[in-house]
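Asks: Sequence:
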Amino acid sequence: MAFRLLFEDVNNLLKTHMPPDIDWKIGQGGCDIKLRGLIVKVRIHKGISVAANSDTMPRKRLDPLRVALRDILTAARKGSTCSGIGFGVMLLQMAEEALWHIQDWSRSQQKPSSKSKNSQSEQNAGWDATLGDWQSVLSNPHGVNLLTVNDTAKFLLGKSISNILADLPRYLRVLHVEAVFRNDLVAKFTRKRMEMRNHLATLSAGELRQCVNTRLLHPKSHNSVEDLANILSTPRVTFHGAPRQFMHSIVRYGFVVPGQRIGKTNKENETLCGASFGVGIYSSPSIEFASTYARDCSNGERGWRNPADVPGLRMVVCATLMGRPFRVSRDQARRKTGLMHDQADSHVNWDQNEYIVFDSAQIIPCYVLHLDYGSDLARRYFDAIANAQGSSFPAQQKSKPEPEAKSEPDNSPGAKQAKKEALQAAAAKWFPYGFGPATGTNFVVEEIGETSDDEEEYGEFQEERVELENPYAQYNPFADEKKSWFDEFQTARTTKKEVKIELR
1 MAFRLLFEDV NNLLKTHMPP DIDWKIGQGG CDIKLRGLIV KVRIHKGISV
51 AANSDTMPRK RLDPLRVALR DILTAARKGS TCSGIGFGVM LLQMAEEALW
101 HIQDWSRSQQ KPSSKSKNSQ SEQNAGWDAT LGDWQSVLSN PHGVNLLTVN
151 DTAKFLLGKS ISNILADLPR YLRVLHVEAV FRNDLVAKFT RKRMEMRNHL
201 ATLSAGELRQ CVNTRLLHPK SHNSVEDLAN ILSTPRVTFH GAPRQFMHSI
251 VRYGFVVPGQ RIGKTNKENE TLCGASFGVG IYSSPSIEFA STYARDCSNG
301 ERGWRNPADV PGLRMVVCAT LMGRPFRVSR DQARRKTGLM HDQADSHVNW
351 DQNEYIVFDS AQIIPCYVLH LDYGSDLARR YFDAIANAQG SSFPAQQKSK
401 PEPEAKSEPD NSPGAKQAKK EALQAAAAKW FPYGFGPATG TNFVVEEIGE
451 TSDDEEEYGE FQEERVELEN PYAQYNPFAD EKKSWFDEFQ TARTTKKEVK
501 IELR
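Numbering (this note's numbering), first residue to last: 1 to 504.
These aren't lab readings, by the way, just hints derived from the structure by calculation. It is possible that some hints are incorrect.
[Stated by the list, open to error] So the derived label-pair ranges between C-beta atoms look like this:
no.	residue 1	residue 2	range
1	S329	A201	37 to 43 Å
2	P169	E226	34 to 40 Å
3	V67	S139	21 to 27 Å
[Claimed, not checked] Simulated crosslink set (DSS-like; lysine-lysine; CA at most 30 Å straight-line):
no.	residue 1	residue 2
4	K41	K15
5	K192	K25
6	K15	K78
7	K34	K15
8	K46	K15
9	K264	K192
10	K188	K267
11	K192	K41
12	K41	K25
13	K46	K188
14	K264	K78
15	K264	K188
16	K188	K15
17	K188	K41
18	K159	K60
19	K267	K336
20	K192	K34
21	K46	K78
22	K264	K25
23	K25	K15
24	K60	K78
25	K34	K159
26	K267	K192
27	K159	K192
We put the CB at the ideal spot given by N, CA and C, even for glycine.
Please take these sequences and the hints and turn them into a complete structure.
Replies: Structural data, given as structure tokens:
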């Protein structure tokens with residue numbers, strides 16, 4: 001009986017969330033996940049094991065996938081009981097990891113049509129997300145190449161990050177895309193989605209059809225109740241902008257309805273922006289609209305973002321369950337708690353730029369976007385910092401005026417030390433720009449290593465991902481070449497993440 005319940009839960013979860021280009025089969029002995037030229041086998045026999053085999057990918061490409069799959073299995077063992085939804089979520093994560101690796105391998109095999117086209121595309125493209133060259137922030141106006149970002153939350157959002165950010169305003173530049181979804185929040189969100197879908201399936205097709213966008217309906221069919229329930233319970237991609245100091249809490253505890261306690265702390269979530277359409281959790285399908293709520297506190301002030309003086313901001317990409325949205329006005333819903341209609345699952349304002357849910361299980365953070373206003377502003381920002389350093393940038397003493405036309409670089413020991421001090425001073429100011437605090441000048445820039453999304457632990461917001469005794473002690477973003485120096489929230493992501501998934 002217990003296995004039958006487990007099988008039904010996992011089977012329903014995979015049917016709903018598994019990408020259509022992935023073939024899968026689940027049985028009593030485990031699950032096979034099949035992709036073109038790759039198969040991942042999860043076996044249940046005296047424990048759980050995972051293996052990956054391919055007849056096309058070379059071993060040097062296959063081994064990193066095997067390591068990543070074992071890491072997902074280890075995290076699932078530590079984070080939850082491998083039963084029910086927890087086991088299904090683990091399979092989805094493995095499927096997405098395998099899909100990303102096979103797609104990355106396929107892209108690497110594509111040959112450019114000509115050298116000129118290849119060089120031109122490289123010139124116009126952003127930097128590789130797997131590399132950590134901070135000089136690109138000052139010189140590359142395109143931001144990170146979104147095609148190199150690991151879409152680890154695609155199984156929740158149903159879209160790649162490049163598709164999600166297709167309408168990004170031109171004045172914003174993406175520096176980094178940080179995965180922040182937590183297993184406990186994903187399990188809670190998935191249970192809520194299943195509950196919503198099951199409830200919607202008890203209603204009539206006519207009731208459901210009134211709540212579905214006509215563009216999502218098939219013109220030559222009446223759509224069954226099951227189809228309509230699936231459409232309404234499909235997560236929507238939304239964006240949430242907030243003051244940066246609140247991002248750690250959002251990643252650690254998820255979103256909280258104003259007035260409710262934040263996790264197990266003694267603090268209540270406060271209403272900051274008026275609650276014009278109800279006292280709930282707000283997000284927007286428009287990243288441009290949501291960005292107006294992003295604030296920067298780098299100068300110790302709570303001011304609205306201003307491209308003239310703010311070097312960057314953070315935005316949350318969310319998965320949101322809207323169900324049956326009820327359109328409301330300010331006069332109807334301002335400062336009111338709960339839903340305005342007993343047949344609704346959420347609120348939406350009249351121009352549909354604001355989505356409001358009143359249950360924290362209906363919305364979870366998936367990614368944090370690291371954004372700024374372009375390389376020109378970043379360069380001016382650091383030039384201003386360098387000019388303000390004073391003695392931190394020792395100038396050469398000039399005994400006689402020298403013509404500048406044929407000057408040669410000074411390679412004397414004093415000049416080298418001056419350049420080193422200048423670099424350290426600039427780098428010390430770099431971290432408050434958005435990539436982590438520094439303790440004085442207690443670091444050495446040696447080299448920039450590769451990044452692994454599964455093992456990222458360092459960055460400005462890493463203190464919420466892993467419980468460290470002192471997350472800022474001896475901070476060195478280049479200490480481990482497998483870490484991402486861009487990441488900020490990984491401590492919040494994994495702190496006390498253990499959650500037991502119970503069968504119903």
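Asks: If you draw a straight line from the CA of K267 to the CA of K336, is it 30 Å or shorter?
Replies: holds (21 Å)
Asks: Does K192 lie within 30 Å of K159 when you go C-alpha to C-alpha?
Replies: Holds, at roughly 20 Å.
Asks: Going straight from one Cα to the other, do K188 and K267 come out at no more than 30 Å?
Replies: holds (22 Å)
Asks: Sort out whether K188 lies within 30 Å of K46, counting only the CA atoms.
Replies: Holds. K46 to K188 sits at ~28 Å (cutoff 30 Å).
Asks: Check the hint pairing K41 with K15 against an upper bound of 30 Å on the C-alpha distance.
Replies: holds (18 Å)
Asks: Just to be careful, I want the Cα atoms of K60 and K78 compared with a cutoff of 30 Å; is the pair within it?
Replies: This hinted pair holds, its Cα atoms lying about 28 Å apart.
Asks: Given the hint of 21 to 27 Å, check if V67 and S139 actually sit that far apart at their C-beta atoms.
Replies: Given range 21 to 27 Å: violated, Cβ gap about 33 Å.
Asks: Look at the Cβ atoms of S329 and A201 and judge whether their distance stays inside 37 to 43 Å.
Replies: violated (31 Å)
Asks: Does K192 pair with K34 here, judged by a C-alpha cut-off of 30 Å?
Replies: It holds: about 28 Å lies between the C-alpha atoms, which stays within 30 Å.
Asks: Does K41 sit within 30 Å of K192, going by the straight-line distance between their CA atoms?
Replies: holds (29 Å)
Asks: With the threshold set at 30 Å, check whether the alpha-carbon distance from K264 to K78 stays at or below it.
Replies: holds (21 Å)
Asks: Measure nothing beyond the straight line between the CA atoms of K15 and K78; if it is 30 Å or shorter, mark the hint as holding.
Replies: With Cα atoms ~26 Å apart, K15 and K78 stay inside 30 Å; holds.
When each numbered hint is compared with the structure, violations occur for hints 1, 3 and 22.
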